[in-house]
Amino acid sequence: MWNSLSVMTVKQLFSSYPYATDFFSSLPNLQQSEDSSVAQYFAAIEDDTLLDLGIDRQEFLDQFLSFMLQMEKLKEDKVKIESITIIGGKDKQGKAEDIELTIHAGEIVCIVGPTGSGKSRLLADIEWVAQQDTPTNRKILINEQLPDMRCRFSVEHKLVAQLSQNMNFIMDLSVGEFVSMHAESRMLENIEEITSHIIAKANELAGEEFSSDVPVTSLSGGQSRALMIADTAYLSSSPIVLIDEIENAGIDRQNALRLLIDKQKIVLMATHDPILALMGDKRIVIKNGGISSVIQTSEEERRNLVLLTTIDRKMLAIREMLRNGGRIDEIPV
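Residue numbers (numbering that gives the first Met the number 0): 0 to 332.
Since the hints were derived computationally from the structure, they do not count as laboratory data. Computed from a predicted structure; not experimentally measured. Careful: at least some of the hints might be erroneous.
Simulated pairs of lysine-lysine, PhoX-like, Cα-Cα distance not exceeding 25 angstroms [as the list claims (entries may be wrong)]: (1) K94 to K286; (2) K286 to K262; (3) K79 to K313; (4) K91 to K313; (5) K262 to K200; (6) K200 to K91; (7) K281 to K89; (8) K79 to K286; (9) K79 to K10; (10) K138 to K200; (11) K281 to K138; (12) K262 to K91; (13) K89 to K313; (14) K138 to K286; (15) K262 to K313; (16) K94 to K281; (17) K89 to K138.
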């Protein structure tokens, strides 16, 4: 690898491998031209500088090469997730789930059923990439194959991002600092532009706007969820998004789902909301802790979704009227 890197100019190195700048951030400015080669860059580091760092020239070069190889390996290890498959296990009484369901990238699948029926358990099985080692005895396949065990135990290869009803921040950061820090961890360029775009998207989803300098701890529940949905869509490397009942989140839930599927996420959502349920391509019905059936959303249901959406907008208008101190003498038509 050194042979190819050494002949690059410093400018070419930082352009081709943006994360390389992190390695050199602890070094003093060497006042070299960006047109210097990488080999010249290393050769120009003074002995006193290396002494201050507590390392000799060869060790420093070895550390640089090790860093670059590790970062390249992280990029190569990212496997594109095209689908997940749920192979049925059993319900609370031990009755077998006669199902094998494959869900593809860009699909929305809703999970419906009474409170306590087992919706969250199914989400947990998917997050854990269950291999018949959970109470339901279900098995999850990735791209129709047994998953690499790193999907279960490695943070770097985590497949699932989960958005729940209760999302509270404990970090002492502003919204802008929080998003920027996440973008930097993804080794992206144009951090400021990406951060501004994500905050703008979050404000499109939130019922009330917020600025980049607002502390994340002061965000309302709806604002927190809106921020995390936008952050998940644009910055999360997790290809699967599990959503646990966001109907009361105070966000534009339809646009939130569209944003996620536009980014080719696999979206699974436990919900009691008929609008969200009908936005799904199909819905899994949970009864007694097991998968009872899978229903494909019909064209008639799609037409009913338009009607329900109109009703929902009217309800939102009435709520806004109440917030602003108005009287409900007339119902918006």
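Status of the hints after comparison with the structure:
no.: 1; hint: K94 to K286; in the structure: holds (11 angstroms)
no.: 2; hint: K286 to K262; in the structure: violated (31 angstroms)
no.: 3; hint: K79 to K313; in the structure: violated (41 angstroms)
no.: 4; hint: K91 to K313; in the structure: violated (41 angstroms)
no.: 5; hint: K262 to K200; in the structure: holds (13 angstroms)
no.: 6; hint: K200 to K91; in the structure: violated (42 angstroms)
no.: 7; hint: K281 to K89; in the structure: holds (21 angstroms)
no.: 8; hint: K79 to K286; in the structure: violated (33 angstroms)
no.: 9; hint: K79 to K10; in the structure: violated (30 angstroms)
no.: 10; hint: K138 to K200; in the structure: violated (36 angstroms)
no.: 11; hint: K281 to K138; in the structure: holds (20 angstroms)
no.: 12; hint: K262 to K91; in the structure: violated (36 angstroms)
no.: 13; hint: K89 to K313; in the structure: violated (42 angstroms)
no.: 14; hint: K138 to K286; in the structure: holds (18 angstroms)
no.: 15; hint: K262 to K313; in the structure: violated (29 angstroms)
no.: 16; hint: K94 to K281; in the structure: holds (23 angstroms)
no.: 17; hint: K89 to K138; in the structure: holds (11 angstroms)
Checked against the numbered hints above, the structure breaks hints 2, 3, 4, 6, 8, 9, 10, 12, 13, 15 and satisfies the rest.
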